[in-house]
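Put the complex together from the two separate chains, hints included.
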Amino acid sequence: MLKSTIRLLIINCTLMLLLVSCASHTLKGFSKTIVEQPIYKAPYFSNTGTDYVYKANISIYGKKLSGLFIAKQINDSCHRIVFTTEFGNSLLDFEIGEHTFKINSIVADLDKKMIIKTLKNDFRLVLANSYHVQAQYENATDKVYKSKDGNRYNLLFIKKQSDNLYKLVRASRYKEKVVVSYSNVNNQLAESLTIEHKNIKLDIVLNYMNN
Amino acid sequence: MKIKAYWLILLFCLSGTGTFAQEQKMAESEIATFKQTVNSVSKKIKTLTTDFVQYKHLDFLSKDIETSGKMFFKQPNLLNWKYIKPYNYSIVFKNNKIFINNEGSKSSVDMGNNKMFEKINKLIVGSVSGDMFDDGAFVITYFKSKDGYITRLLPKDATLKKYIKQIELVFDKEEGIVKQVKLIESSNDFTKINFKNKIINAKIDDSAFNN
Numbered sequence: 001m002l003k004s005t006i007r008l009l010i011i012n013c014t015l016m017l018l019l020v021s022c023a024s025h026t027l028k029g030f031s032k033t034i035v036e037q038p039i040y041k042a043p044y045f046s047n048t049g050t051d052y053v054y055k056a057n058i059s060i061y062g063k064k065l066s067g068l069f070i071a072k073q074i075n076d077s078c079h080r081i082v083f084t085t086e087f088g089n090s091l092l093d094f095e096i097g098e099h100t101f102k103i104n105s106i107v108a109d110l111d112k113k114m115i116i117k118t119l120k121n122d123f124r125l126v127l128a129n130s131y132h133v134q135a136q137y138e139n140a141t142d143k144v145y146k147s148k149d150g151n152r153y154n155l156l157f158i159k160k161q162s163d164n165l166y167k168l169v170r171a172s173r174y175k176e177k178v179v180v181s182y183s184n185v186n187n188q189l190a191e192s193l194t195i196e197h198k199n200i201k202l203d204i205v206l207n208y209m210n211n
Numbered sequence: 001m002k003i004k005a006y007w008l009i010l011l012f013c014l015s016g017t018g019t020f021a022q023e024q025k026m027a028e029s030e031i032a033t034f035k036q037t038v039n040s041v042s043k044k045i046k047t048l049t050t051d052f053v054q055y056k057h058l059d060f061l062s063k064d065i066e067t068s069g070k071m072f073f074k075q076p077n078l079l080n081w082k083y084i085k086p087y088n089y090s091i092v093f094k095n096n097k098i099f100i101n102n103e104g105s106k107s108s109v110d111m112g113n114n115k116m117f118e119k120i121n122k123l124i125v126g127s128v129s130g131d132m133f134d135d136g137a138f139v140i141t142y143f144k145s146k147d148g149y150i151t152r153l154l155p156k157d158a159t160l161k162k163y164i165k166q167i168e169l170v171f172d173k174e175e176g177i178v179k180q181v182k183l184i185e186s187s188n189d190f191t192k193i194n195f196k197n198k199i200i201n202a203k204i205d206d207s208a209f210n211n
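In order, the protein sequence lines correspond to chains A and B.
The first sequence begins at 1 in the numbering used here and counts up one residue at a time.
The second sequence begins at 1 in the numbering used here and counts up one residue at a time.
Derived by calculation from the structure, the hints in this document are not laboratory data.
Don't take every hint at face value.
[Stated by the list, open to error] With a straight-line cut-off of 16 Å between C-alpha atoms, the simulated EDC-like cross-links for lysine to aspartate or glutamate are: (1) A:Lys64 / B:Asp110; (2) A:Lys63 / B:Glu28; (3) A:Lys64 / B:Glu103.
Chain B with its partners taken away, still in its complex shape (with noise of 0.2 Å):
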């Protein structure tokens, strides 16, 4: 089984946070309901933009790291991920090569020439092409809470797996669209965005993705 690409798109749909305790396993049937909910909310999607607020959790740090910004997404591909607080540092994702703007220095990285690059960010742009969230990458389990519903994608390449320990995903229950991702690294630590003032299938201009 394949998760589809929009999964993604809907992975940066979202507002709120939650804690999810008392989560339980989804049964087959509500995964089957689940996922139908996520594809016709999908389908709909043209261009995306939201607000983010991301948390860089270190254990031995007092407090997390918060940065955060907007992100604008066109299909079919194209997309910006701008950090506005406390720094500006976008970072647009454009015909396989990443644009880099980091407070006004500017830089560009051809995907296929740097792999540690590519790694990292593939969370992020490799699932808008398709290629990540599926059964043969990762071991998806579902679960359901009082907040909403949860996926966890443990991945199954050896390389990425030095890295990435798990992906959780947290879907509004009534929309069905992704308002949370955490990405848990092997030391436990954690990096958590929250989704925020999504807007749908509002006009982006493609000067929006001139980094």
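The following block holds chain A by itself, in its conformation from the complex (with noise of 0.2 Å):
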């Protein structure tokens, strides 16, 4: 009996060792500090005046997609998006806000639960005026907000000297869900963003279009 509940006590350790090895990876060589502000502002789509367009890549399971990515701020909670085809033909319009989600229309062919679940969490994450800081980290050149999101965990890297978002991390507590990249960014706009999805075969590239 001892033996038995030693055995999975050890089984028990290994695997939380292992679990949290998975959910410290992404933090790997950073360190907790004190939370210097309890909201972190997300600057890439806050602008209510900007009409923000991008040539928009999708690689799905192999498959390729192309189009343009649309948005805007159309109030203080709430983004207008749509995607569009090359020729200008809607294929899904959304509206969504922290809380709030209306679907304008959807072509048929995207009109899939599955689909319309994770284009609306991509986007919302994506898409985000402000982030509840829970937690702060920080390396040598980085530091990282930790906010969580229902189940989920945010965490938003931050580069010191520039003070720039560049990455964001979706994650459970043990992994990583998905991760957004953004490079050629100023502190208002990033000109290209990659949404790469862990559990799906799903990659979305945005490259900012000068209209």
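Following this line, the structure appears as structure tokens:
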């Protein structure tokens, strides 16, 4: 009895270690510091007067799609998102807020629960105006804000020198789910974004169009 | 009455933009003359090259999204629709297949296997093959204004109707050729394409349709 309990404990501990090592992988080399601000204001899609128009390249299970990703903050709490083909035909038209979601239109081929849910979560993640910071980490060059989001965490990686957000990781306690990488950034705009899914073969690359 | 394939060819023919105020319905006799003009012009077209500027209008955006490029057409059914600004994206319709070159990333689609794509792009290539601009598929009305002749096509097909509320073709009054196409979606957002620098019957090598 005692032997089997010890064995179970060892298994549990090993499992815990494995899990903890997965969880800490994203924050490897970072140490916890005090939270310097309770709310982090996300910079890249939050200007109400700006039309955010990106060329979108999507790779889903080896298939390639492309078109235009168009987003605009239409009021304090809501973004309108339209995805069109290069020819201009709208494929989907959503309104997404922190707690709201409305489908204005979607073509039949995309009107699938899983697709809508995935895109809704991706867009909400990328377009959020602010994140409540629960914990903060840093290393020599970067700082990381950790924000709870339902049963997930969002980890926002920021360069200390420029104060620019360059990576956003959505993770469960143990595993990365979605990684958003930003490049060619300034404090108001990310000219290039890559949304990479870790649990499904879906990558979305957005490149800003100077319209 | 069937509007023939060459209408589409003509559709790609033209130049300029304009506003079309004070339009009037055309009389039956005027419609007959108009069609005859279009017919005689289109019969002469073996190849066609034209520049185009496309404007995607979404009511919630502060500015239309502008893209531009070139179009090559060769009888009987070769078409290359090529965006050059602000990105390189070309789509070739050849042998019932669609060949896409998206900034160097190449793919092809069998039109028979991709219904959504087929429907969306039928507006361009379907009309080349002559099976689109007919009274069976559209309710067609004819108008005239100071600046040109206008035909409005309302789709009858329920699926197409969901995506396209109306197609509007504006013809140059003197030349009888199309100078503007407007695709209006059910939301009233639209895509407008203006044609300019048209070259008719210049030699186009088949390699222009390799994508």
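Do the hints match the structure? See the list:
1. A:Lys64 / B:Asp110: holds (14 Å)
2. A:Lys63 / B:Glu28: Roughly 50 Å separates the two Cα atoms, so the pair is violated.
3. A:Lys64 / B:Glu103: Given pair A:Lys64, B:Glu103 holds - Cα atoms ~12 Å apart, limit 16 Å.
Hint 2 from the earlier list is the only one contradicted by this structure; the remaining hints agree with it.
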